[in-house]
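Let the sequences and hints guide you as you build the complete structure.
If you're matching them up, the sequences are chains A and B in order.
Quick note on numbering: the first sequence equals residues 2 to 359 in my numbering.
Quick note on numbering: the second sequence equals residues 2 to 359 in my numbering.
Each hint should be verified, as a subset may be incorrect.
If several chains are the same, the list does not tell them apart, and a pair holds so long as it fits within one copy or across any two.
In silico DMTMM-like pairs for lysine to aspartate or glutamate, Cα to Cα no more than 25 Å straight-line [stated by the list, open to error]:
(1) K247 x D261
(2) K346 x E125
(3) K346 x E303
(4) K346 x E289
(5) K272 x E307
(6) K247 x E56
Note that these hints are calculated values from the structure, not bench results.
Number of protein chains: 2
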Amino acid sequence: MRIAVLGVGLIGGSVGLAARQRLGAEVAGFDPDRELLERAAQLEAIDEPAGNAAEAVVGAEVVFCAAPVTALPGVAAEALAAAGEDCAITDVGSVKRDVIAALGSESRFIGGHPLAGAETSGVENARADLFEGARWYLTPTERTGGMLYDRVQRAISEMGARPQAIEAETHDRLMAAVSHLPHVLANILVTQAATALSEEAEHLPEVGPSFRDATRVAGANPAIWGDIFAGNRQAVATEIDAVVAKLSEAADLLRSGDRDAVRAWHEQAAKRRRELIETEIAGGPLHELRVLVPNRPGIVAELALELGRGGVNIEDMALYPAPDMTSGAISLYIAGDEQAERAEKLVRLLGHDVSRAE
Amino acid sequence: MRIAVLGVGLIGGSVGLAARQRLGAEVAGFDPDRELLERAAQLEAIDEPAGNAAEAVVGAEVVFCAAPVTALPGVAAEALAAAGEDCAITDVGSVKRDVIAALGSESRFIGGHPLAGAETSGVENARADLFEGARWYLTPTERTGGMLYDRVQRAISEMGARPQAIEAETHDRLMAAVSHLPHVLANILVTQAATALSEEAEHLPEVGPSFRDATRVAGANPAIWGDIFAGNRQAVATEIDAVVAKLSEAADLLRSGDRDAVRAWHEQAAKRRRELIETEIAGGPLHELRVLVPNRPGIVAELALELGRGGVNIEDMALYPAPDMTSGAISLYIAGDEQAERAEKLVRLLGHDVSRAE
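What follows is the structure, encoded as structure tokens:
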């Protein structure tokens, strides 16, 4: 099998590695950044660096376009022009609307988006197993060739991903709701706190763990997120409109002074979050263990090591230091009833107070 | 010195323990929950359980009212009626407006709010060092007696806290911005994602780490947060109004398609968050180290243990598992240039890829 990769950063490089190692494919690569292209070849993410995109796609059965979101329609169009009639062209952009608007009528083009790699970037971090277990959305249209779709789906399955077909518009809406919107709100929260700060400059508020958690992604990776916000602007703006409506309702609810209704609203949120998070974790319902600990170097190690020895994996973790950093609480998120119970026992044997957060 | 504590949960119990152990005070306590009161006495958080609030405050020099926010004005009024002329009455409520509106003209009442204990609850978790290093806001008014204010301030300083005077209204606004608002937005985000979900039921979106971080406090402790939202409803609603305005601007900005402006807006948020977080961490500027790791039991331990051995403390941590949980990234937040550099070296020696997130 012959594969072409246009754009050899983290995702393109990982596609190359996975295709070579898992599909036994021969991989041609191109990137306008010659240095990056050489590096990808050195790392054996591609077999051969090509002189241009057209050269790379010659004879390819699948072309992966892995350029930045804004460049994708252009890169994919170039691939379509140069590739043969029996070649499937797909992309890996995190927003699908523009590229489908431009190329959705092409039977050989299939939009795609692997949910992987967001935690890092650069071909140096490319890995053959980057897509192992990852959802990989594909956005076929009524014009998409069935054989070509099947070929792309099989290729990404063999790379370890879990393909799922979805309409481009639905994809963008879901991403807006669960990924892009949290980034917008984090930015707004930070701005809002900074405003409160500047108006009361003599009182620097001390921000707590809830603020830190809620704003962790504020301003993350401006190059990538600038493009994502721009590329998915319609869907994100629509989500923002919906949030504005919900916030106005919340403000009204608060102003009404209806304590029971406020509490019911709040309880509903806890229930919904649990449902959402649980759909994602494979190992059973997610439990949160709250552990009270001295906040000294090594304490996280002690806990994690003990759980590790006991075969318990920690899905997620949050630290809540006391203001002086001498003590605090650690939330450990453990999947599965049995694992959570075991974790609770192990932590207690270490002499820490532990409770289940409901 | 004689102290009275009205309400002996986590905060009241910790005040009792700290007053007994650090101030050498004799502590009388009362709680309408008789069982809780007995438990506090068993745990030696109080010297003597009183039959009612009036009995508890007899002869006290400082009375700490540690009832739920909504009960505070009533409890404090009861204490004022029963206490002597030379007794200072203070409270620990996280919202100050209502109690100051009711009692701000009393020279013996001084509103208070320690930023501690949010991570847990219950007298079982009470600790003499709960307030060590914690900011403890006091909200004196022009009517407040100077000697009494001084006495309260000295008492909480000796308990380890860092007192700071602030106007009640300013306090409530700051809390609304940096603490209450993140909780509201977390609730809204969850609701919004659930809406997207229910409309596209066949496509359960997989929520990523940004969603998990942003919504971690959604629906937390309904009993407490219902009261806080109700008690600080004016300030929180005002913050929500401001957020609505900022969100509408953000939606306009996105719809305009002005890529550079979007990027500048996003970059600004990153800068502001760093400034806010840094005001809180004592050990110097905060660095984020991104470490790529296999996501197996024990890996967090290995890292944290190594840093602990090297004398590096981890201020905050975030896990970004890959979808199949076999690998991922860990962000370690380290305060201070020198510590961060040391941490980076140690992690590299363990054989992991590590980079500074900017």
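We went through each hint and held it up to the structure:
1. K247 x D261: Answer is within; shortest intra-copy Cα gap is 18 Å, inter-copy 29 Å.
2. K346 x E125: Close across copies (18 Å), not inside one copy (41 Å); limit 25 Å.
3. K346 x E303: Result: close both inside a copy and across copies, 14 Å intra and 21 Å inter.
4. K346 x E289: Answer is within; shortest intra-copy Cα gap is 14 Å, inter-copy 32 Å.
5. K272 x E307: The answer is neither: 30 Å in one copy and 38 Å across copies each exceed 25 Å.
6. K247 x E56: Neither: 52 Å inside a copy, 48 Å across copies.
In summary, the numbered hints that this structure violates are 5 and 6.
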